[in-house]
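Peer 1: Note that the protein sequences, when read in sequence, are chains A and B. The first sequence lines up with residues 3 to 193 when you count with our numbering. The second sequence lines up with residues 27 to 190 when you count with our numbering.
Because the hints were derived from the structure by calculation, they are not lab data. Treat the hints with care, since some could be wrong.
Which stretches of chain A does chain B cover? Using the computed rule of at least three CB atoms under 8 Å from a CB of chain B, they are [claimed, not checked]:
no., segment
1, 6-20
2, 36-46
3, 121-128
4, 131-145
Ideal placement from N, C-alpha and C gives every residue a C-beta, glycine not left out.
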Amino acid sequence: MARKTPGINTGSMADISFLLLTFFLLTSSISTEQGIHRRLPPPKKDTEKTIVDINKRNVLNVMVNFNDAVWVNGQEILLTQLKDKAVEFLENPTNSNTLPEKEIIQIDNMGEYPVSKGVISLTNDQSTTYNMYVQVQNELEKAVNELRDKVSLNYFGKKFDNLDTASRKAIQKAVPMNISEAPPIDYSKTE
Amino acid sequence: MGRFKTGEKKDVPEINTGSMSDIIFMFLFFFMVITNMREATLKVRFEPPLASEVQKLEKKSLVANIYIGAPLGKNENTLPPGKVSVQLNDQTIKAEDLVEDVKDFIGTERESRSEADKAKLTFSLKVDKNVQMRYVNTIKQELRNNNALKINYATGKKSDMKLK
Chain A
3 MARKTPGINT GSMADISFLL LTFFLLTSSI STEQGIHRRL PPPKKDTEKT IVDINKRNVL
63 NVMVNFNDAV WVNGQEILLT QLKDKAVEFL ENPTNSNTLP EKEIIQIDNM GEYPVSKGVI
123 SLTNDQSTTY NMYVQVQNEL EKAVNELRDK VSLNYFGKKF DNLDTASRKA IQKAVPMNIS
183 EAPPIDYSKT E
Chain B
27 MGRFKTGEKK DVPEINTGSM SDIIFMFLFF FMVITNMREA TLKVRFEPPL ASEVQKLEKK
87 SLVANIYIGA PLGKNENTLP PGKVSVQLND QTIKAEDLVE DVKDFIGTER ESRSEADKAK
147 LTFSLKVDKN VQMRYVNTIK QELRNNNALK INYATGKKSD MKLK
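For reference, chain A alone in the conformation it holds in the complex (with noise of 0.2 Å):
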């Protein structure tokens, strides 16, 4: 004789399951990880020392220094100036020659590109606030984007972050991210 079976009570299942709901909302965070990528140059041997001997006009000196000001080559500026001028630094559209050189070099997909030979040099002070320093950072990836965008909707039709690899790899070619680190200075030490 077949039994019926009672039908199993299920009201205090929506219970349980807010109450895992709740953990989960509770003990994770949304935001997912993002940031500034930057690669840090090689450890260097005591040994060698590398002067690599750089024309003046190719480097673009932007100081950072303990009261969270910014130096572009000996002149105060405001920190939304930075993106402009070193766009106009990279960029050197006039070919002016007080700005960086350019070096003709043949590129995969692109053919023959002007590609400038500018280097930021990016020196903080140890009292520099880590903000600072970071929005610092993030207005010379703006500039390097921008130029990274103009090019290749010159060359591509498209935006940079719309391309695939092989031509994105020839706009980082083209117009790369030159940024050199110097030593840190102390302003509380040679006070």
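Given the coordinates of chain A, assemble chain B onto it according to the supplied hints.
Peer 2: Same frame as chain A, now just chain B:
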């Protein structure tokens, strides 16, 4: 002739709650998928600076975190002059062990990844925005000495304000 039904009570039918649990479970799975668990309890204060040009880290398993910030508890180890702690894994490190500890940390993080992933390992510097650069520079120097060159400055996302 119409009649008002006054005396009769009509039973309100009970709401079927059987599907409620299914809906909640759906929520649960949704949150489980889009979130990630905090793997270490924070012992330092970490409020990231905001930046607009951020890139996402591709894979969470290829990231090792280094926290730098003001200590939250009283008994945490600090770096001189005593206002900033560096946290690796689950503990803050002592100033005199800094070089060794960072080296060990990098070593164990590398060991726990497969051969192919070792080159892709990124060290994410999670630094509080009020920290002075001297501490960050120290850690960066140690990373460099140990050939851990791929780093990331963890930031929040700031929407890019266009003034033009």
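Peer 1: Now tell me if each hint is right for this structure.
Peer 2: A quick look at each hint next to the structure:
1. Only residues whose C-beta sits within less than 8 Å of a C-beta in chain B count toward coverage, and the segment 6-20 of chain A has 7 of them, enough to reach three; the restraint holds.
2. Under the rule that three or more residues need a Cβ within less than 8 Å of chain B, the assignment of the segment 36-46 of chain A holds, with 10 such residues.
3. For the segment 121-128 of chain A, the stated coverage by chain B holds: 3 residues have a C-beta nearer than 8 Å to a C-beta of that chain, and at least 3 were required.
4. Counting residues of the segment 131-145 of chain A whose C-beta lies closer than 8 Å to any C-beta of chain B gives 10; at least three are required, and the coverage claim holds.
In summary, this structure violates none of the numbered hints.
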